[in-house]
Amino acid sequence: MNAETPDILVVGAGPAGLAAAIEVSEHGASVTVADENAKPGGQLLKQTHRFFGSERHYAGTRGIDIGTKLVHKANDIGVKILLDTPVVGIFDGLVAMAVGQKRLLAMHPQRTILATGAAENAISFPGWTLPGVMTAGAAQTFVNVHRVRVGERVVIVGSGNVGLIVAYQLRQAGSDVAAIVEAMPNIGGWGVHAAKIRRMGIPILPQHTIKETRGDGRVEQVVIHQIDKRFRPVPGTETVIEADTVCLAAGMSPRSRLAEMAGCAFVNVPELGGRMPVHNVVMQTSVSGFYSAGDIAGIEEASTAIEEGKLAGLGAAFSLGRVEQAVYKERLMAYTEALDELRCGPFGKERKQAKDRVVKGYDEIAN
Amino acid sequence: MRRIHEHPILGTLKDAEECTIVVDSKPMLARAGEPILAALLAHGVYATRLTEKLREPRGLFCGIGLCTDCLVTVNGVQNVRSCITPVEEGMVIETQTGGKRER
Numbered sequence: 001m002n003a004e005t006p007d008i009l010v011v012g013a014g015p016a017g018l019a020a021a022i023e024v025s026e027h028g029a030s031v032t033v034a035d036e037n038a039k040p041g042g043q044l045l046k047q048t049h050r051f052f053g054s055e056r057h058y059a060g061t062r063g064i065d066i067g068t069k070l071v072h073k074a075n076d077i078g079v080k081i082l083l084d085t086p087v088v089g090i091f092d093g094l095v096a097m098a099v100g101q102k103r104l105l106a107m108h109p110q111r112t113i114l115a116t117g118a119a120e121n122a123i124s125f126p127g128w129t130l131p132g133v134m135t136a137g138a139a140q141t142f143v144n145v146h147r148v149r150v151g152e153r154v155v156i157v158g159s160g161n162v163g164l165i166v167a168y169q170l171r172q173a174g175s176d177v178a179a180i181v182e183a184m185p186n187i188g189g190w191g192v193h194a195a196k197i198r199r200m201g202i203p204i205l206p207q208h209t210i211k212e213t214r215g216d217g218r219v220e221q222v223v224i225h226q227i228d229k230r231f232r233p234v235p236g237t238e239t240v241i242e243a244d245t246v247c248l249a250a251g252m253s254p255r256s257r258l259a260e261m262a263g264c265a266f267v268n269v270p271e272l273g274g275r276m277p278v279h280n281v282v283m284q285t286s287v288s289g290f291y292s293a294g295d296i297a298g299i300e301e302a303s304t305a306i307e308e309g310k311l312a313g314l315g316a317a318f319s320l321g322r323v324e325q326a327v328y329k330e331r332l333m334a335y336t337e338a339l340d341e342l343r344c345g346p347f348g349k350e351r352k353q354a355k356d357r358v359v360k361g362y363d364e365i366a367n
Numbered sequence: 001m002r003r004i005h006e007h008p009i010l011g012t013l014k015d016a017e018e019c020t021i022v023v024d025s026k027p028m029l030a031r032a033g034e035p036i037l038a039a040l041l042a043h044g045v046y047a048t049r050l051t052e053k054l055r056e057p058r059g060l061f062c063g064i065g066l067c068t069d070c071l072v073t074v075n076g077v078q079n080v081r082s083c084i085t086p087v088e089e090g091m092v093i094e095t096q097t098g099g100k101r102e103r
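Just so you know, the protein sequences line up as chains A and B, in that order. Following the numbering used here, the numbering of the first sequence begins with 1 at its first residue and continues without gaps. Following the numbering used here, the numbering of the second sequence begins with 1 at its first residue and continues without gaps.
Honestly, the hints are just simulated from the structure, not real lab data. Just to be clear, a hint being listed does not mean it is correct.
To be verified - Calculated pairs, SDA-like style, for lysine to any residue (alpha carbon to alpha carbon, straight line, at most 20 Å):
no.	chain 1	residue 1	chain 2	residue 2
1	A	Lys329	A	Asp340
2	A	Lys39	B	Thr85
3	A	Lys102	B	Glu88
4	B	Lys53	A	Pro126
5	A	Lys73	A	Leu83
6	B	Lys14	A	Asp65
7	A	Lys102	B	Val74
8	A	Lys39	B	Leu10
9	A	Lys229	A	Pro185
10	A	Lys80	A	Ala3
11	A	Lys102	B	Gly76
12	A	Lys69	A	Arg50
13	A	Lys39	B	Ala32
14	A	Lys196	A	Arg171
15	A	Lys229	A	Leu205
16	A	Lys80	A	Gln101
17	A	Lys102	B	Asn75
18	A	Lys39	B	Gly65
19	A	Lys39	B	Glu88
20	A	Lys211	A	Arg230
21	B	Lys26	B	Gln78
22	A	Lys39	A	Asp65
Sequences are here, hints too, so could you generate the full structure?
Structure (structure tokens):
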């Protein structure tokens with residue numbers, strides 16, 4: 001066994017991965033987190049908005065501050081974080097990573113927690129490859145983290161929370177947002193966000209989508225049109241908008257390739273972003289020793305990712321005999337309750353039902 | 001300039017050490033440690049490369065190193081992801097013009 005091998009390896013230093021590593025450390029097991037990025041914190045680092053929910057779920061705190069807190073807590077408790085270290089493969093339980101993008105390290109940890117997050121979905125249309133067309137997250141990263149405006153005038157495709165929040169943040173950064181187009185008849189995101197956008201005078205256009213972008217070397221014009229209930233263009237509704245940027249906010253998909261390599265069984269749950277590994281109540285996948293947490297286990301919020309991370313850390317540490325039965329039961333109940341609390345309300349209820357299907361998928365395989 | 005100096009939430013942009021990179025033979029000032037693509041965008045360079053066959057421009061797309069659209073040549077090494085690779089003093093960057101693959 002390699003001297004660098006911890007009891008438990010966590011892949012991904014976002015909210016789920018850091019919460020998992022902190023939980024594991026609290027039970028005295030050794031843990032290493034591998035992350036491909038130069039800084040820990042995952043996508044929280046670019047989230048300048050305040051979170052909703054109750055106080056224990058960091059309500060009222062900005063994502064960037066939650067990320068910083070988690071990183072400090074992980075450092076304080078002695079979690080080892082390997083940065084610039086993409087995990088490149090899992091071969092029969094052997095996990096291979098490129099430490100510092102340079103040295104190949106293969107280890108066989110007793111438990112592995114996959115907290116690899118999600119990737120944004122793209123939409124294709126004529127001109128979608130022109131510079132100026134980017135994911136909403138890309139715009140958010142460059143504006144909020146690197147402090148560079150990605151364009152002067154923006155059209156946003158998709159009115160889910162990501163589209164609405166990014167519209168607001170681009171405006172804060174001094175870009176003009178010409179419109180948000182939404183293919184569905186209703187706005188996808190929360191009413192509070194949509195109201196804020198409308199107060200700023202940014203039109204949200206339901207049943208509209210992007211037709212094409214035009215430009216020489218980069219986006220110069222964006223053509224939108226109305227669509228009917230079957231998503232067919234309505235003739236005569238084309239509008240040309242002078243804009244240099246298009247942000248695609250078309251949802252996300254779990255980044256599940258490592259789970260595929262580990263041999264995990266999958267389930268397709270469209271409400272949570274597509275295919276993901278099934279897991280049980282403590283986030284263990286169908287492959288013994290492998291756990292999932294956060295967006296890889298279904299696209300939700302950073303707050304749910306943190307609770308899932310704790311669950312995975314608890315489950316993994318308990319399975320190694322590091323947690324007393326009473327403590328295990330107590331924490332299991334607390335984290336499960338916290339997740340139930342986060343998954344209430346009209347949006348949350350749907351997610352709760354969808355998450356139950358992920359667990360049902362596990363039960364079907366296990367029994 | 002496209003840099004965001006003042007931000008209502010994040011405050012004033014902190015001073016950073018400046019470094020000079022060379023982009024397509026021209027010197028360009030960058031903030032030490034920022035990704036190559038941030039420096040390029042700040043100076044209005046949006047296309048990082050042309051595709052090999054159709055010579056179509058490409059630039060920022062995912063911003064986190066996943067999509068490999070924003071590739072540039074750095075110090076002679078091709079296909080470097082400009083959105084996640086930090087600038088270094090004296091770095092020589094070429095926007096790629098495709099057709100560089102060895103055949």
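Hint-by-hint comparison with the structure:
no. : hint                : in the structure
1   : A:Lys329 x A:Asp340 : holds, 16 Å
2   : A:Lys39 x B:Thr85   : holds, 12 Å
3   : A:Lys102 x B:Glu88  : holds, 18 Å
4   : B:Lys53 x A:Pro126  : holds, 18 Å
5   : A:Lys73 x A:Leu83   : holds, 17 Å
6   : B:Lys14 x A:Asp65   : holds, 18 Å
7   : A:Lys102 x B:Val74  : holds, 17 Å
8   : A:Lys39 x B:Leu10   : holds, 18 Å
9   : A:Lys229 x A:Pro185 : holds, 8 Å
10  : A:Lys80 x A:Ala3    : holds, 14 Å
11  : A:Lys102 x B:Gly76  : holds, 18 Å
12  : A:Lys69 x A:Arg50   : holds, 14 Å
13  : A:Lys39 x B:Ala32   : holds, 16 Å
14  : A:Lys196 x A:Arg171 : holds, 12 Å
15  : A:Lys229 x A:Leu205 : holds, 14 Å
16  : A:Lys80 x A:Gln101  : holds, 17 Å
17  : A:Lys102 x B:Asn75  : holds, 17 Å
18  : A:Lys39 x B:Gly65   : holds, 13 Å
19  : A:Lys39 x B:Glu88   : holds, 17 Å
20  : A:Lys211 x A:Arg230 : holds, 15 Å
21  : B:Lys26 x B:Gln78   : holds, 18 Å
22  : A:Lys39 x A:Asp65   : holds, 14 Å
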